[in-house]
Amino acid sequence: MKKYLYYPGCSQKATSRAYEEALLAIAADLGLELQEVEDWNCCGTTPVMAVNKVLALSLAARNLALAEAQGQGELTELVTPCPSCWLALHKAQHALADDEEIAGKVRASLEAGGYSYKGTIRPRHLLEVLVNEVGVEAIQQKAGKPLQGLKVAPYYGCQVLRPYAQGDDAEHPQNLEKIIRATGAEVAEFPLQSACCGGTLVATRPEVGYQMSADILRAIERSGANLVVTPCNLCQATLEIVQRKTPKFLGHKTKLPILAVTQLIGLAMGKSVKELGLQRSLNAKRCLRTMGRETAA
Amino acid sequence: MTPKIGVYVCHCGTNIAGKVDVKATAETAKKLPGVVVSRDYMFMCSEPGQELIQKDIREHNLDRVVVCACSPLMHEKTFRRACSRAGLNQYLMQMVNIREQCSWVTEDKVQATDKAQALVAGGVGKACFLRPINEREVSVSQNVLVVGGGIAGIQAALQCADAGFHVYLVERKQSIGGHMAMFDKTFPTLDCAACILTPKMVTVGQHPNITLMINSEVAEVGGYVGNLKVKVRRKASYVDHSKCNGCGICMEKCPGKATNEFEQGHGNRKAIYTMFPQAVPNKPIIDKAACRYFTTGKCGVCEKFCKNNAIDFKQEERLEEIEVGAVVLATGHQVYDGAKVTRYGLGKLPNVISALEFERMVNAGGFTKGEIKLADGSHPKAVGIIHCTGSRDSNHMVHCSSVCCMYSMKFAHLIREHSGAEVYNFYIDLRCVGKGYEEFYNRMLEEGVHFIRGKVAEVSNDARDPSEEGKLIARVEDTLAGVVRRIPLDMVILANGISAQPDADDVGRLFGVSRNAGGFFIEQHPKLNPFGTPNGSVFIAGTCAGPKDIPNAVSQGAAAAAGAMTVLRQGKVLLESTAARVNTDLCSGCRTCLDICPYRAISFDEELKQARVDETMCRGCGTCVAACPSGAIEGRHFTDEQIASEIEGLMRTLGA
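Residue numbers (our numbering), protein chains in the order written: chain A, 1 to 297; chain B, 1 to 656.
Hints may be right or wrong, so weigh each one.
To be verified - Listed next, the in silico DSBU-like pairs over lysine-lysine satisfying Cα-Cα at most 30 Å (straight line):
#1 A:K151 to B:K340
#2 B:K348 to A:K178
#3 B:K471 to A:K151
Said to hold, decoys possible - A few chain B residues that don't get close to chain A, going by computed Cβ distances all over 12 Å:
#4 K30
#5 K231
#6 K243
#7 T342
#8 Y344
#9 P380
#10 R485
#11 A627
Just so you know, these hints were derived from the structure itself, not from any lab.
No residue lacks a Cβ here, since even glycine has one placed at the ideal position from N, Cα and C.
Chain B on its own, in the form it takes in the complex:
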């Protein structure tokens, strides 16, 4: 049966018509096989333009429509809907791109018109062989996965849970809280970080709609949009948390010791431990490397003292599968290693410390109980804070870490308050862009903090006169005074910046989210969708998407939660209709397609000895179609005969 094709050539104002002779193109199209009507119009995407198509479908009984306009990314959906409304299966509409791939990129008008006519002929050629396809809907799982339990993840989890959705919150460490749990005060209001964070942590721990999975990591992501099947690696903690009541006797009695990571390497913790006293859940796990039972085979003190028989040395790592409709990635950051900026002497010179070390030192619960002390136990009289350590530096990270100016000034305030020592802030630019931030800077000036504009060249112990003996000397060009200065200090704090997590690449690949040059996750649109990703059911929040302070991390966590809930609330999602299909008469069961499918949509039917495509998982990429040695797999909407006919149309018009 000969098809009845309608062709519609769009002017797009002068975007197309400025280079392509649209009238001639529409006229020549009339001569193509199967074409019963061909028109040109100023704006095909406008309502009268769409009406034109719908009227022709009804009056001329069109069974194929070819729209020659812009990229299908722009308006394919528009014209598909127009056809649908007129009762034509939307997959019988073919778009021909004569704007981005023709008029915009061709200088010469004659060449542009020739090219447009060839493209139109190709489109008409393909249209002849288009077949109707029915779309399928599937329901969306009503669970949300939040990866990472820092402040951004906590916010996202609470919003979704409060709205009535079930949340799986996966946290790699043994407690939620993230970096914020280590901080002493928060800028610029100077409220205590723990006081505002721990209530939220406790709410997460007790929320009926939140399943908290600590000491766990996402191992695999399968399934499809709206119905992701996620395998979570639950690492062995050797404590059965369903039995443990968190009494802490085990930690008290444990003889095993290890370096305390939470206190940045200052002091020890036990082998069975919680990260910090306000940890959520406040139940310990066993550090296998430090545990005497595991290293020597003898001990088991914790087991003896535990009244609830919660200790389980035989516990093994296991994979738990969950199904979720949407994901919020809030995997956080890693503080840049200040020791990499070798000229500042971190790790070599005593009393050069990192920002997190200072946070713990000045915290009442930290390793000095809040006392600002030097390595020898004495108190500093002069402290230097070096801004931009590792940030805004082509040898380290090019980006601005955005929080260091403010936390450096917070440090300055805390030092003045706790010790009265002189404080020198060495900065390149002061970036105080948040609400109340500039006011905080003014307050620091009033508190007598010194600000020296210049990048410190070096911190050394190279004393040259008696005033420098036993001091750390910061050499810096004071660019406001125009002199090079040597400033003797007792303590130097490096304001080391925010870098991406070392495994951000792996996590990104797992969820199909790309990373920028710094390793941070890329949003779908930097301005209009800064919390979504091109993967429609994955959202990003917090510092995994770039350096940011607490209010911004919380805002983004809430926005990502709203995005995730929008997906869930729609209830249904359309499946990709262009899925591949295996011709069972031709499949020889060679299994070539199984490994190359990027979406793991192909399985092997052991009974029939043939490949089978799971249409819910197939995204219609066509990789298997090209790879199948027997030509047994067909890409629906991209069949061999459709493509051959398209090429034929192109070639005939080009006179080849």
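Here chain A stands alone, though its shape is the one from the complex:
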């Protein structure tokens, strides 16, 4: 078993429960032991960063401090499935190491709360850990390539690749492709695999945000993909929601199932619909039909 500190982030407990359910369902089989950081808080993601940088970094730093204390020097790698969380934690790590001015302020706020952080934690994103630590071979061994015949579009979103692209190539990412092939499915190539999905713009500037996602969905459709897999909870939610409005933006309705990477691996490993939270999908029925699993629901 490989042991990691685990930071789920808020989404995994709410909008993206299914992502985490699937992760927990496959972790043991893949030899992953995830030790959740106790008393964690919001990572200080984009909206906070936009309003107050010190506050955002302090929120992330508190999580790093908690992880450091809990890991006691033995566990230093902190895995999270959420790209926003990963990016926020990574940014805080960088700021504390390289930006004297802001580091001083963040340390002061940690101290005020009775925390300290030496800087020993290394935040890592789940997708990269699955490929670089668990290994494609191990996934293939557990899954046995049962998804042959399916064409899966690898959609990265922006945050796992930019600006840091830890454990992958920012301009030519391959981690999702490797996982798709390990399940026996075919990779559907399309041009916007690391384009931004629109994210929160869907709520704040819908006419812009919806268009961004719609463009991605159109490109995926043209690739002949049966379904989409993503390492990002926000992308998954956005692409699912936007599909309800695609007639307005594309002139026709799209019906693509959008799976989290853990769900795809879980399906290949034969986990049940409930274990993988597939019933929570906004187009669950279609999703299951695609997978040939409609009766199992």
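Dock chain B against the given chain A, drawing on the hints supplied.
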């Protein structure tokens, strides 16, 4: 016998005297053992300074001279010659560096003077034990080796051969011509590359002073300056070129096929083939991997049809040894793989092509017979050319490839001329620095070529409206207009840059030439000797020394040839006099020294069971001296007693 030493302390203006008390230093030196005269002088290297030494040698019968001045790299030769002129063996002169290693690097005047005095005492200590050494001259081989038969190598070979020297021209491929042979037109004059290149190639092939070694590589370099023994690997071509008359019947009849590399992978060639119709020599070789005789054991059609019995399936690779006095490295470059810039889609999106693919496409002898065509056979209405693909990019190559702006504009002209399609040049900066280059750019503006200043972010097939359907879309920030644009195109040409040869490191090591961060060979001086190398008999020319266009490659080829001929014309070269020497009474024959000698100067005498140093090859580096477990090897001019005495002098003065 006590030596008679003269010590000379140089002021070097204020360079030394500004920190070191030169008068006191000269005065203290008088008290050192063996010193009969000690002086200081403003500029020892000046003529009166040298006169001073020579006068003292004659008047005081000096048998050792210690000059305390700058680095020996600067003036050791000057003072050695001065001693020689006064009849003193030049190796009885010792330099002490009190400038670079003392006055320039010491803040405090007292400390600087103390250090200078210690260094002088060390020098005097060593001088006591200096022994005269006689120099030896050897004659220089009158042959030149040119490695690489592109335009730079061709130029160098022709100049040397025309001047009467014999040239070995080693070319890895089966024909000379290099990259230039693939080009259609040349910028900015638009003359046809083949028309100006092939006459030169033919001259090389027929020149009585040139031995052309194609399908060959340099395997080993031995020997010493002026007399390099080079082993050339002559790869098996399975065609005896001394019998072949180049009739071509074998190529006509051959059933074996392979991808045509010269046409950048478009179309096939035969298994027995010449690279292109104007190849020199215009005689084929057999590609073993594609040949049916070699892969199945059955065929031999070429053998049956060849009237001259030139086919030889049993031919084997062999090493040929040649002796040369100088080398011109003209090993060329590799075009940067545009597929590595993944966001432009080369290899993934049809109709995204590399620069060399376009050169072949637009060439009348190329794979489309000069027609500019898309993958489906139709003609493009809009073509994009992306400058700086892989160049000036910290993710790929940081350097500017220097030729891409100009060849991109040449492409633009050819596209306008051949097809009338709209042409978009996407550039970061336009670098048109040669003669007539800026004028060519102006001409392109008049020809209606579009120039968009911005680095293309991505080429994709992500069509978003009917005007983009079936097109390649270049997304680019037009930095002059200040907008992000999506430009639908039918064809995209990547102006991929110039990178070093993948084996430049190996070749560099073979000839003792270092490489810069990009892998290009480093010249001896970037301004005053841009064609020489620190290895006095090796010269560099063409793109192996950095990206350059044809006129610059030719100029450098000529300059390298001049350098090589200068070495040859001198006729003689001085051998390193500080060579190591084996004391046969002490050598136990353990062979430790044999493998560590970087110049392969040590051999093993099987009869005496002892090591032997070849003085012509030894460069006096001292590696074997340090490694010998019996202390049997002595570094002449750096003997144990000389070094011990130097240390003693230093230590005594420092009060240790």
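Broken hints, numbered, in rising order?
7 and 8
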